[in-house]
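Kindly generate the complete structure, drawing on both the sequences and the hints.
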Amino acid sequence: MEFLAIFDLPFMQRALMAGVALGLILPFLGVFVTLRRMSFFGDGIAHATLAGVAIGIIAGFSPFIAALGIGVLFGAAVFLLERKTNISSDALIGVLFTGSLALGIVLISLQHGYQPELLSFLFGSILSVSSQDLSIILVFSAVIFVILLKLVRQFTLLALDKDTAWLYKVRIELLDFIFYELVCVTIVLGVKLLGIILVSALLIIPPTIAKMLAPSFKTLIFGSVIAGEVFIVVGLMLSYLLDLPSGATIILVGAVVFLLVAASRMVLPS
Amino acid sequence: MQDRNAVQAEHLWLSFGSDEPILQDVSFSIPEGSITAIIGPNGSGKTTLLKVLLGFLSPQKGKVWVLGKTPQQARGEVAYVPQRFTFDKTFPITVLEFLQLSHPHCSKEKIAQYLGHLSIAETLPMKLGSLSGGQLQRVLIERSMLGDPKVLFLDEPSAGIDIAGAQTFYELVSHLHREHGSTVVMVSHELDVVANYADLVLCLNRKLVCQGRPEQVLTSDSLKELYGKEAALYHHRHQEG
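Sequence lines, in order, name chains G and C.
Quick note: the first sequence, position 266, residue 266 per this note's numbering, numbers continuous.
Just so we're on the same page, this note's numbering is the position in the second sequence counted from 1, plus 270.
If you're looking for bench data, these hints aren't it; they were derived computationally from the structure.
Here a beta-carbon is modelled for each residue, glycine too, at the ideal position from N, C-alpha and C.
Hints are supplied without guarantee of correctness; some may be wrong.
SDA-like, lysine to any residue: derived pairs with alpha carbons at most 20 angstroms apart [said to hold, decoys possible]:
no.	chain 1	residue 1	chain 2	residue 2
1	C	Lys397	C	Thr356
2	G	Lys162	C	Gln481
3	G	Lys218	C	Pro419
4	G	Lys218	C	Gln370
Derived Cβ-Cβ restraints for the label pairs, each shown as a range [what the hints assert, rightly or not]:
no.	chain 1	residue 1	chain 2	residue 2	range
5	G	Ser89	C	Ser490	47 to 57 angstroms
6	G	Met266	C	Met396	21 to 31 angstroms
7	C	Pro395	G	Ala262	21 to 31 angstroms
8	G	Leu259	C	Gly338	23 to 33 angstroms
Residues on chain C that point at chain G, a partial pick, calculated with CB under 7 angstroms [to be verified]:
no.	residue
9	Arg345
10	Gly346
11	Leu371
12	Ser372
13	Cys376
Written out as structure tokens, the structure is:
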């Protein structure tokens, strides 16, 4: 078990702790994101955070915190515009995320020289998780996990049957808003480790795999979380041992498992 | 409103955009404990009316009371079985989990007992997406009855079920109605069902064309006015049969 010694390294410990926390909440939320067919929403937030990263870099404060601010604003903007205009949700997300992405690119272009921080946000980096970042990730993840446990029934009912949710006095608008913001914040938390381009994959791949195997809703949630944790731990180790980008390696592990499960489902009788 | 009315609607008007109003000055009262059927041709506003009564849609003019309250206030005391329950059939949720979503405090035993009454006890551990149309409708009925609702709204609940299944389904609704004393308001295309089970019939074609007991309303003249001559012919043949 010599390879486990890599977790003696402080930066690996931080990456592992951040990864385990994210492996808990990203797939958990992903169950509802896939059920509600909101995968594009997750992708949109991730790309929109580039504007926050750029603002942070230019203004000289934490790009991570700036990205969190942009993520929260993105969620609120989509929520409000969906209700106040007759524009479809995917069109809104498309406009907002490309606009935000464009703003980020323009702002970055105003900065001269190489921007290592930018690259770490784009592709994720186990080296980039500082102690401050870790604290933010752990605190937010704990709060989000507790909220998810408290609202899991309402979120499921909302995703399956809005009319009945309304009849049973579920506060649909408030819960929708909370859900949007939870997804936004969770995605931004994952950007440090997985990167803007790949973070939403950890939202989608674990529940998609679990959905193929789970006999019930409870096992779907457990299966998603376990899959997410396995991908993170295995991906982190491989990325360190093989000197590969962490985010891409984690997602690649997930994609390979997905292909294996999908292939086995096609070959084996159900 | 009167105390003994479960549902009361007064001068309801509703239009979508600039189209002709789908509900035009619709007023009626539904007595507590009755089974009321709303009939009418396609596009006559039946489902829209049901959605207004449930509070899913707000009328531009007029008022609705359900159990003496606004539809919003009556939530929790009413239940609804939709015409078609659409969901991702690949989503792994068992019947038990599905029922406990809307009734989290209901024990597994109580749910199993209800399912037994509906002759679908074996579906409890099954995935919702694997049920047949008839089984799913029964599960939806069970979900609506688990909360002991005072008013049960059904929107063409036997759509997609074969004739025998539909017959059993309405017998079940009637049985549950007698057992629980709930008021039932259902949209139906099936005039046989209406004649057999309803106490009150509302004939809707954007306006309330007629209302009364089935034997008063299901006459050739009324049906001709509501549906056109084909329905009147159907009714005539049915009576002869």
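These are the hints, each one checked on the structure:
no.: 1; hint: Lys397(C) with Thr356(C); verdict: 15 angstroms, holds
no.: 2; hint: Lys162(G) with Gln481(C); verdict: 32 angstroms, violated
no.: 3; hint: Lys218(G) with Pro419(C); verdict: 28 angstroms, violated
no.: 4; hint: Lys218(G) with Gln370(C); verdict: 12 angstroms, holds
no.: 5; hint: Ser89(G) with Ser490(C): 47 to 57 angstroms; verdict: 50 angstroms, holds
no.: 6; hint: Met266(G) with Met396(C): 21 to 31 angstroms; verdict: 23 angstroms, holds
no.: 7; hint: Pro395(C) with Ala262(G): 21 to 31 angstroms; verdict: 25 angstroms, holds
no.: 8; hint: Leu259(G) with Gly338(C): 23 to 33 angstroms; verdict: 59 angstroms, violated
no.: 9; hint: Arg345; verdict: 5 angstroms, holds
no.: 10; hint: Gly346; verdict: 5 angstroms, holds
no.: 11; hint: Leu371; verdict: 5 angstroms, holds
no.: 12; hint: Ser372; verdict: 5 angstroms, holds
no.: 13; hint: Cys376; verdict: 12 angstroms, violated
Comparing the model with each numbered hint stated earlier shows that hints 2, 3, 8, 13 do not hold.
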